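Protein chains: 2
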Amino acid sequence: MSALKDLVEQHKEQFLNELFDLLRIPSVSADPKYKADVLRMAEAVKDSLIRAGADKVEICPTPGYPIVYGEKIIDPSLPTVLVYGHYDVQPPDPLELWTSPPFEPVVKNGNIYARGSADDKGQFFMHVKAFELMQKNNLLHCNIKFMIEGEEEVGSSNLDGFLLANKERLKADCVLVSDTSMIANDIPSINTGLRGLSYVEVEVTGPNRDLHSGVYGGGVANPINVLCEMIASLKDDNLRITIPHFYDDVVELNEEERNALNSAPFEVEEYKRELNIGDVMGEKGYTTLERTSTRPTLDVNGIWGGYTGEGAKTVLPSKAYAKISMRLVPNQSPDTITELFQRHFESIAPAGVKVIVKPHHGGWPVVTPTDSDEYRAAAMAMKTTFGKDPIPARGGGSIPIVASFEKILGLKTVLMGFGLDTDDIHSPDEHYGVFNYLKGIETIPYFYQYYAELKRK
Amino acid sequence: MSALKDLVEQHKEQFLNELFDLLRIPSVSADPKYKADVLRMAEAVKDSLIRAGADKVEICPTPGYPIVYGEKIIDPSLPTVLVYGHYDVQPPDPLELWTSPPFEPVVKNGNIYARGSADDKGQFFMHVKAFELMQKNNLLHCNIKFMIEGEEEVGSSNLDGFLLANKERLKADCVLVSDTSMIANDIPSINTGLRGLSYVEVEVTGPNRDLHSGVYGGGVANPINVLCEMIASLKDDNLRITIPHFYDDVVELNEEERNALNSAPFEVEEYKRELNIGDVMGEKGYTTLERTSTRPTLDVNGIWGGYTGEGAKTVLPSKAYAKISMRLVPNQSPDTITELFQRHFESIAPAGVKVIVKPHHGGWPVVTPTDSDEYRAAAMAMKTTFGKDPIPARGGGSIPIVASFEKILGLKTVLMGFGLDTDDIHSPDEHYGVFNYLKGIETIPYFYQYYAELKRK
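From first to last, the protein sequence lines are chains A and B. Just so we're aligned: the first sequence equals residues 1 to 457 in the numbering used here. Just so we're aligned: the second sequence equals residues 1 to 457 in the numbering used here.
If you are wondering where the hints come from, they were derived from the structure by calculation, not from laboratory data. Treat the hints with care, since some could be wrong.
Identical copies look the same in the list; a pair holds intra-copy or inter-copy alike.
Derived pair list, reagent style PhoX-like, types lysine-lysine, alpha-carbon separation capped at 25 Å [unchecked claim]:
id, residue 1, residue 2
1, K354, K235
2, K354, K46
3, K12, K284
4, K407, K284
5, K284, K354
6, K354, K272
7, K72, K136
8, K46, K457
9, K412, K12
This one's a predicted model, so the numbers in the text were calculated from it and none came from an experiment.
Construct the entire structure; sequences and hints are all you get.
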């Protein structure tokens with residue numbers, strides 16, 4: 001098994017080329033115009049699993065995009081690991097800010113640049129390649145089941161149904177996911193908490209048509225001004241969210257937990273420098289690490305209305321829109337929060353406008369245990385390849401499915417991600433380190449070895 | 001002269017067709033992609049003046065779009081009227097809300113639908129056609145000078161220079177403009193006051209790149225949230241503008257002036273019904289008529305930032321933008337107000353963001369006299385053709401050039417517009433009544449007749 005590093009090095013070129021083929025497919029699930037590409041991507045995932053040696057590979061239809069399933073049962077008495085990943089990606093906008101085209105992968109400065117390189121094609125594909133290596137070199141110590149979905153970036157709305165309908169087929173001992181990040185390449189970490197999500201779109205309508213601001217300005221509600229005022233009112237001077245009952249279910253950390261969290265390596269000056277900001281900004285009374293992991297948020301993800309072209313147009317628009325998302329922490333329910341938001345937002349609308357709140361998707365916050373066999377196996381695997389113990393760290397992202405695994409399948413998840421926070425996922429110039437990609441492929445087989453050992457005890 | 005109505009009726013078809021030819025040219029001055037069309041429009045205006053019988057017709061270059069000049073001096077001892085209009089139009093966006101294409105004019109329900117039909121092609125062209133009628137029927141009682149510009153919708157920034165360089169050529173007794181509206185087709189009115197304008201664009205930058213809101217959300221300033229908060233803070237609970245010294249130069253009306261203004265026919269319930277709004281909204285302590293004519297405003301004309309496509313993207317954007325305009329009243333200076341805005345907006349930016357304020361264009365507010373010969377001549381002309389005395393009314397729009405006429409040429413202006421507030425100028429489905437177009441052509445010759453009579457006394 002010490003030859004793993006060499007094996008990976010040997011196949012490096014092949015592993016990169018195969019990933020590039022996947023990255024060239026623009027599988028954007030949020031935008032219907034990419035539908036054919038998303039479906040083509042599902043086919044490509046299926047083919048890659050077959051080539052890697054999986055059995056019973058199948059493109060399973062759902063009311064949305066399909067889920068690709070495959071498995072290798074080497075011995076029913078051995079532990080079984082369910083590997084989850086997603087083959088869909090975020091939209092590439094704003095396109096003009098990419099320094100190379102988002103769907104033409106290229107390696108620059110040791111990084112693979114492409115939409116989906118880190119989130120999550122590069123990460124789920126490490127598992128396919130690691131599986132192939134174990135298969136071909138007789139290194140497999142567990143049974144493996146793959147479940148790669150195509151709707152993670154739009155809320156995984158058909159996954160619960162699939163889990164419910166396939167409880168038997170998905171039977172396993174734990175779930176293994178690589179869709180998160182580590183602190184740094186020399187500071188390995190394992191994610192032990194993910195925030196949930198409530199995502200809404202709001203539409204504010206003033207007069208029934210665009211008006212001349214000189215003729216009507218000052219006399220009727222301008223929906224953009226009103227929308228800005230409504231959004232501004234959602235936080236108080238301490239940047240606490242003002243929606244009634246918003247914090248009711250939030251689990252406050254005790255002093256010990258806060259200290260543990262704040263002991264993670266973090267340099268606020270470097271953080272500010274790296275983002276080129278004059279200062280950090282967030283809820284009063286909490287550190288940046290706390291604000292981005294254990295505290296809920298409210299961010300406007302997009303806003304538009306009126307004239308946005310070149311030059312000046314003195315229009316008083318009829319409508320204004322915003323996409324607003326709230327990151328949630330244990331034990332906030334996305335449905336409850338969406339409802340609280342909706343009720344509050346409608347209640348603060350002045351008489352001069354009409355407001356529509358349209359819920360997009362939501363996801364439950366999760367906290368994963370650090371005392372499980374799967375966590376220990378992941379920590380031992382990372383220690384073996386990185387040379388040091390990984391730090392348990394709460395991350396900020398949202399993987400709603402982790403809560404579903406627990407609720408529907410009764411399975412705990414280990415979030416062994418190899419990305420970095422600086423990978424610009426969801427942004428122009430998303431990238432993933434070649435080091436991280438190869439290190440992941442090298443680390444994963446150790447997970448299976450240690451997990452089998454721990455489970456035997 | 002009583003045959004004027006018949007003459008207009010006789011040429012109705014021709015007058016409409018000639019206007020349609022002008023409306024087919026998309027002379028959008030705000031967007032560089034229409035440059036060739038704007039220049040083509042100047043040629044068309046020149047040709048129309050020549051055909052109508054004007055002398056010395058010339059396309060006068062400026063650093064921007066040219067000004068078309070033409071004149072008819074029948075007797076130097078007679079009064080001379082300078083007719084001003086503009087051949088450029090507002091951008092047609094949002095295109096999808098037009099029920100017929102903006103540059104394919106069509107008559108529906110007695111209205112001419114096209115961008116520029118009311119603002120200002122349909123209105124300046126009434127003067128060209130009225131001039132033609134007077135010319136061909138020996139009805140001209142004054143000298144006429146035409147000055148039709150192509151940059152009114154982008155701030156007329158080259159007109160002052162033209163006025164300064166052509167003081168001699170532009171010598172006249174008054175300026176006559178049709179670029180405003182009346183109260184109703186059966187309630188003629190003459191505009192006696194126009195608000196000025198300060199127009200800025202703001203850019204708020206948070207982190208140096210788009211970020212994942214799950215990873216960074218709550219920890220750094222979101223420029224959209226911040227922009228909303230900054231915009232919201234520009235007005236207090238009474239909807240008064242909070243920019244320091246903003247109201248310093250505002251002329252407050254006395255009780256008598258307020259009463260006169262508020263005696264104009266206005267039904268708030270009908271206004272609300274027509275705009276489909278639950279309530280009017282504006283500065284506390286003032287009526288809707290006052291808010292839209294004698295009070296300054298602050299409106300967001302456009303806002304954009306982050307993800308605005310279909311579906312959901314959990315981006316924490318790097319930048320957010322807004323176009324903001326302030327309507328000004330006597331004696332507010334556009335330059336002073338722009339400077340006050342800029343200083344204030346920069347001062348309220350939190351440390352987590354950077355702010356850029358870019359001034360677009362401005363215009364001085366104006367009040368025109370009601371005791372001048374030109375106002376009396378206009379009032380008598382309208383009484384002749386409408387059958388009742390026009391009401392002097394303060395309008396909300398901004399025609400910066402009116403202040404320049406006074407400052408540079410020493411001339412008073414009479415704003416005899418024939419449009420309606422419901423013409424949807426600057427909006428989709430801009431239209432101009434066939435009634436209004438023809439009534440304007442019929443009324444204008446009477447102006448010259450009465451003006452010559454009054455000046456003779």
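Right, here's what the structure says about each hint:
Taking the closest pair of Cα atoms, K354 and K235 come within 25 Å of each other both inside a single copy (21 Å) and across two copies (21 Å). When the C-alpha separation of K354 and K46 is checked against a cutoff of 25 Å, the pair qualifies neither within a copy, at 48 Å, nor between copies, at 47 Å. Taking identical chains as interchangeable, the C-alpha atoms of K12 and K284 are never at most 25 Å apart, the minima being 47 Å within one chain and 70 Å between chains. For the identical chains of this complex, K407 and K284 are neighbours neither inside a copy (34 Å) nor across copies (54 Å), given an alpha-carbon limit of 25 Å.
Proximity of K284 to K354 under the C-alpha cut-off of 25 Å is restricted to the inter-copy arrangement: shortest distance 21 Å between copies versus 33 Å within a copy. Proximity of K354 to K272 under the C-alpha cut-off of 25 Å is restricted to the inter-copy arrangement: shortest distance 13 Å between copies versus 40 Å within a copy. When the C-alpha separation of K72 and K136 is checked against a cutoff of 25 Å, the pair qualifies only within one copy, where the shortest distance is 13 Å, while the shortest distance between copies is 96 Å. Within a single copy, K46 and K457 get their C-alpha atoms no closer than 35 Å, and across copies no closer than 96 Å, so neither meets the 25 Å cut-off.
With identical chains, the CA atoms of K412 and K12 are never at most 25 Å apart, being 32 Å at best within one copy and 81 Å at best between copies.
In summary, the structure is inconsistent with hints 2, 3, 4, 8, 9 from the numbered list given earlier, while agreeing with the others.
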